[in-house]
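Got chain A; can you put chains B and C on it based on the hints?
Protein chains in written order, with UniProt numbering: chain A, 1 to 319; chain B, 1 to 305; chain C, 1 to 566.
Any given hint might turn out to be false.
[What the hints assert, rightly or not] Coverage of chain A stretches by chain C, computed from C-beta distances (three or more under 8 Å per stretch; other residues unrestricted):
#1 209-218
#2 236-250
[As the list claims (entries may be wrong)] If we take Cβ atoms under 8 Å as the criterion, some of the chain B residues that face chain C in the derived model are:
#3 Tyr196
#4 Thr199
#5 His214
[Stated by the list, open to error] Here are the computed distance ranges between Cβ atoms for each label pair:
#6 Ala78(B) with Ser275(A): 31 to 37 Å
#7 Ser533(C) with Val11(A): 50 to 56 Å
#8 Ala108(C) with Pro117(A): 28 to 34 Å
#9 Val11(A) with Ala412(C): 56 to 62 Å
#10 Arg9(A) with Ser533(C): 42 to 48 Å
#11 Thr137(B) with Ser46(A): 42 to 48 Å
Hints were generated in silico from the structure; no laboratory data involved. Bear in mind the structure is a predicted one, so any value in this text is a computation, not a measurement. Backbone N, C-alpha and C fix where the C-beta goes; we use that ideal spot for every residue, glycine too.
This is what each chain is made of:
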Amino acid sequence: MTTFLYLTRRVLQAIVVIFIVTIVVFCLLHALPGGPARGILGPQASAQQLAAFNHDQGLDKPLPLQYVYYLGRLVHGDLGTSYTLNEPVAQLIVQRLPKTLVLTVLSAIVGLLLAIPLGMWQAVRRNKPVDYVATTLSFIAYSTPVYFLGLILVLVFSQLLPLFPPQAPQGDTLGQVFATPQGLVLPVVAGAASMVAVFSRYMRAATLENLSEDYVRTARAGGSRARSLLWRHVFRNSLTSVVAMLGYYVPVVFGGSLVVEQLFNYPGMGLLFWSAAQSSDYPVLLGCVLVIALATVVGTLLADIVQRIIDPRVKEGRS
Amino acid sequence: MSAVLQPGQAPGTGASTETDPETAGVTGLRLAVRRFTRNRLAVIGLVVVVLFFLFCFVGPFLYSTDQTHTLLHQVNLAPSGSHLLGTDAVGHDELGRLMFGGKVSLLVGLAAGVLATVIGTLWGAAAGYAGGWVDATMMRVVDAGIAIPALFILLVISAISNPGVSGLIVIIGFVSWLVPSRLIRAETLTLKNRDYVLTLRAIGGGHTRAIGRHILPNSISTIVVAATFQVADAILLVAYVSYLGLGAQPPATDWGGMLSAGLTAAYSGRWWLILPPGLAIILVVCAFNAIGDGLRDAFDVRGRG
Amino acid sequence: MTNAERSAAAEPILELRDLGVTFTTETGEVPAVRGVTLQVRPGETLALVGESGSGKSTVALASIGLLPGNARATGGASVDGEDVVGATESDLARLRGSTVSMVFQEPATALDPLTRVGAQIAEVITNHRDVPAKEAAAAAVDLLRRVGIPDPERRASAFPFELSGGQRQRVVIAMAIANDPKVLIADEPTTALDVTVQAEILDLLRDLTVGSGTAVLLVTHNMGVVADFADRVAVMLKGEIVETGTVEDVLLRPTHDYTKRLLAAVPRLTVAEQGSERAGVQESPAPPEPVVDLRDVSVLFGRGSRAVRALDGVSLVVRPGETVGLVGESGSGKSTAARVALGLITPSEGAVHLFGADLHKTRRRDRRAMRSGIGVVLQDPVASLDARMTVAECIAEPLRVHRGRMSARERASRVGEILERVRLPRSFAQRAPRELSGGQRQRVSLARALVLDPRLLVADEPTSALDVSVQETVLEVITELQDELGFACLFVSHDLAVVQQFAERVVVMRLGRIEEQGSTRTTLMHPETDYTSRLLAAVPVADPVRQRQRRAQRLAAAAGGSDAVA
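Okay, chain A solo, but in the shape it has when bound (with noise of 0.2 Å):
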C-alpha cells in the first residue's frame, strides 16, 4: 500500500470515528433534561418558552432531521452559546484550547523523555534492584490520583520549600503564560507523572521484546557491541510500538488535564469545561466534548503517521 492510499484510508476512519462521536454528543444533548430548549434558553424558562423554542429550532420534528440540522450547525462552527458567559461557545474555546494544548504537549514531551530511557534501562537491568525500585515507582505514579499528587506537590514544592508558585500563570494569551515560566512547573509535573508510569511500562516491555528477537543475535554475531545493540537497532524498533500506544493516549492526557487546570486554576480548556459543569452550562460543555474528541482523532491520526515514517514496512491500517 502506498503512504497516499494509507493516508487517505485512515483520513477516512478519522472522519468515520468523528461522525460517531457527534453522534454521542446528539445523544447527550436530547437527555439533557429539558432536552436542548433547556440546554440553550437555560434553567429559569417557562414551559411556553420552551415550546415556543422547539418549535420554532425544528426540535419537534423527528429526530433524525434534528441531527441533520445539529451537523449542518456544527459545520458552520456553531456550537451554540454559553448561557452563563453569553459567549459563543467556539470563540470560547479557541480563546482556550491553545492554553491547554500547552500544557498537555509540555506534560508528554516531559513524560516521555524521562519514560523511554527510564524503561530502557529498567530492560537492560531486568529484575536487578533498580528495575524492582523503578518498577515499584510506576506503580505508585500511575496508581495516584492526580489531584492527590497536585495537593501533595503544593504542599511539598510551594508550602513547605518555597520553589514554585502554588497557582499557574494567569492571563489570556500564550505570551502571558509563559511569563511566569515557573508556574508552569507543578501543573507539568502533576501531568506528566502517569505518562511516565505508563510509558517506561510500554518501553520496558518493547525492549526486552525486541532484545530477545532474532536480528539482535545476528548483529552480535557480527561483532555488534553492546550499546551500539541497544541504540543502533533496538531504541528505533522498540519506539514504533511505544509511538503507536501514544495515539490512544491522547485523551488520557486531555482528561488528566482536566483535573489539573481545575487544582492549579490554570485558564484552559479543563477549567472552562469544569466551571461549566458546576453551573450546568451544558452548550460549553457539549462544544467541549466534541474539540475535545476531534483534538484526540487527530492526535491519533498524527501518532500513526509518526510511527509510518520510523517504520518503513507497509502496515495495514489499525483496524
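Here is chains B and C on its own, set in the frame of chain A:
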C-alpha cells in the same frame, strides 16, 4: 552493560525449533501458578488486596464506629489513643471511615471492572469473530469511545443527574470497556485462525461450538488479566468520580470522597484527613496492577492496551 | 587432492573439547550438550546432523559464544586459538564477525527491520575495521554483489521487508563474510527456504568458502544438504556425538545404529536415469465420480488494485480411494487450493464439487452432512489441537458435531478404537496434548480426522514439522489406514520425495496455477515442464556421489539455459 546481553529465559531459546521436553508433564495452570508465586511484587499485591478486603469488610466488626450521625463533640481531633487516625469535620472516626468508605470503593471498583471486562469481551469477540465490515464498524465505535475522555463524559453525566452506587457501577463499566474490547478482539482474531478452529469449521462445526468451546476458553487468561487491570483502573476512576462530585452521597462515602472532602483541611495541617484515604487508593490500585502484571507474565499474555 | 585431504594436514581452526551446555529452565537444569569434541580445519566443511533436541544448534551457538542467558557452557571451545567458553563479552565481540561468523536459519527475522541492508552490512565492517563510513558503505555494495544480489547499488538502500527470503539470506551471508572470517557457522541456513532457493544458497556458500580456506560448521537435519555440501559429518543424538567420519563413510557406510535408522527413514527421491523413456500414459477406462472436483477455481485476496490472485484457473479432481499429492513452493497456492476444497475459502470464480454436489449451492443443512465426510490434518502439531482439551475431547469433537445422539460410553469406546488404529495406547485419551510429542500429536489429529470414517482426508503438510523418523511412522499409519478404510486423500506437501512415495497422482503448482499434473511415476520421473524439471533437479539426494553428479548436471543445465536465453 553486559546485562543487555542476557535477554533472559525466552522460552525455547537455544533449543530453537526443538520441543522443550522439560516442560512436558507440567500442566499450564500449574506452570502459571509457579511463575506467579515467583513474582515478588505480584505476591505482595495479592496479600495487600486480601488485607484490604479483610480491613473493610471484617474490620467494622472488630472496630465499630458511628459513621451516620454528626458527632459535634469530637470534630477535627488529631490522631490519639481513642481515635487512631483522628476525626473529620463532622466527628466521624477516620479509621472507621476508612473501612466504611473502602467498602464502596472496592465494591464499585470490582463490579465496574468486571462489568467493563464483560462488555468489552462480548464486543471484542463479536467484532473479531465476525471480521470484515462488521468488525470495521464495531472498531470505529470503539475508536470514537476512546476519543472522548472518560472524565469528560463523567462530568457531563454528573451535571445532568446524580446516580447511586449501582448507577455508578453501570456508568464506570460503560465508559471503560473499550480497552478490554480491543484486547479481546486481537485475541479472537488470532484464535479464530488457529488450526483447531479451522479443522472444526472444515468438518462442519458451528460458530457456537467454535466460540464456546475453543475461542472463549482459550481467551480466559487474556480476559482475567484484562479484568485485573480494569479493576485497578475502575477503583482509580471511582476516586476521580467522587472528586468530580458524582460519587457516593453523604452520609455514605468512599476513599475518593474522603480525599476530596479533606483537600481544604490539608492546607490547614490536618494531614490525617487526606493521607490515609490517599494511601489506601494508591496501595490498592498498585496491588491490583502488580497482580495483573504477575498474571500477565504467568499466563504469557501480551500487552495491555 | 580433495579439500578434505588438503585440510587434514592443517591445524584445526575450530576446536571443541569436551563441550557441555546446560540450560537452567523453570523446571530445573536441563543438559543439552554433553562431552562434544570435534575439530574443523581450514577449508573443510563439517556437517553436524541430528534430529530436534539433539543439541546441534546449541553446539553451533556455543562455538561463537552466542548461547542465551540461561545457558552455561563447560569444557572448551576455541576459534583460531582463542577461547570462546569463558571469554569476556568484549573479547567475544572482537572475534565475532571477524574471525568467526554465523548464518542463521530464519532469514525473515534475522535482519533489523528498520535498518537498510547496506547499513547493516557496513556495521559489521566498521565493528572490526577503522574505515570511513563512505568506504564501509562501498564495501557493503561490493559484498552484495559478491553474494549475487542484482543491482547492488540500489539494493543497499532497501529495507529487509523489500527483499525476498532468499535475498535476505544472501544479505545475512554478506554480513557473515564481510571481514573474511576463518570460520563460518551455518545453522540450518536453507531450512526456511524453498528447494530451488536452497540449491542457489548452497551453491553460493560453496563458492564463497571453497578455495578461500574458510572452515564451515554446517548444522542441518537434511541429509541431502549434507551430501551436497559437507566433507565430514558428525551425527548427534541426545546431546552427544555418536558417529564421525567422511561424508561418504557416514552416509553410505554408517556404523552406528542411530545413523542407520536415520538414513533409512529419509524419503528418497527416485529419479530417472538419463536417456530413459517416458512410459506411455494409461488412463483407467471409466473413472469413478470424484470426491473432490475443483473446476476452474480462482481466488482473489484483497480488493481493487491491491488484490492478489492466490489461485488462477485451478482444476483438479481426487477420485475415491486415491491419493493426490499437491506440490509446489511457497506462494504456489497449494494450501489455498486445499482450503478451497475444504470450503474454508470461497472461490472468487469457479465451482467446488464435493461428493458430487456443488459445495456452495447446497443448503446449509446438507452442506453440514457433506462435511461429515471430510477429515482434516494440518501442518502444525502444536496449533492443531486445543491445549485446553484432553486427547479424548479433541478426537470426540467431530462425533459431538455430527453424532449428537451418541452416548458418552459409545463415544469413549469409539475414541479408544480409533486411538489404537493410529497406533497410540487407549490410555492416551485422558492426556493433555502438551504432554505428547509432535509425532504423537499429529497421530491424534489423524485420529480426529478419521473418527467419522470420512471418504476424504485432506492433509496439509502433515509431517513437515516432524523429524524424518517420526514422519515415516505418521506416513505409514496413513497408508495403512487408507488401505483398510479406503478414503481418498489430498496430500499437500513441499517435499517431492514424500509425495513420490505416498501419492499415486501429483499436481505441481506454481504461482497460483497448475504447472502440470499426472501420475506420480511419469510426472516426477519424466516431467513435461521446465519448472518441474528444475524443481526436481534442485532436490539434494542423501548420497554424496550421486549428488555431486546431479549438481554438475543442474549447473550445466542452468548454464545452457542462460546461454539459450542470451
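Comparing the hints with the structure gives:
With a cut-off of 8 Å between beta carbons, the segment 209-218 of chain A has 5 residues touching chain C; three or more are needed, and the interface restraint holds. Coverage of the segment 236-250 of chain A by chain C holds [criterion: at least 3 residues with CB-CB distance below 8 Å; count 3]. A hinted interface residue such as tyrosine 196(B) counts as satisfied when its beta carbon comes closer than 8 Å to some beta carbon of chain C; here the least separation is about 5 Å, so the hint holds. Taking 8 Å as the C-beta contact cut-off toward chain C, the hint placing threonine 199(B) at the interface holds, the least distance being around 5 Å.
Hint on histidine 214(B) holds. Least Cβ distance to chain C is approximately 6 Å, under the 8 Å limit. Checked against the given bound of 31 to 37 Å, the beta carbons of alanine 78(B) and serine 275(A), roughly 35 Å apart, stay inside it. The hinted range of 50 to 56 Å is satisfied by serine 533(C) and valine 11(A), whose Cβ atoms lie roughly 51 Å apart. Between alanine 108(C) and proline 117(A) the Cβ separation comes to about 31 Å, which falls inside the hinted range of 28 to 34 Å.
Under the hint 56 to 62 Å, the C-beta atoms of valine 11(A) and alanine 412(C), about 59 Å apart, fit the expected range. Restraint check, arginine 9(A) to serine 533(C): a C-beta distance of roughly 44 Å satisfies the suggested window 42 to 48 Å. Judged by the Cβ atoms, the range 42 to 48 Å given for threonine 137(B) and serine 46(A) holds: they are separated by roughly 43 Å.
Figure legend: structure checked against the earlier numbered hints; every hint is met.
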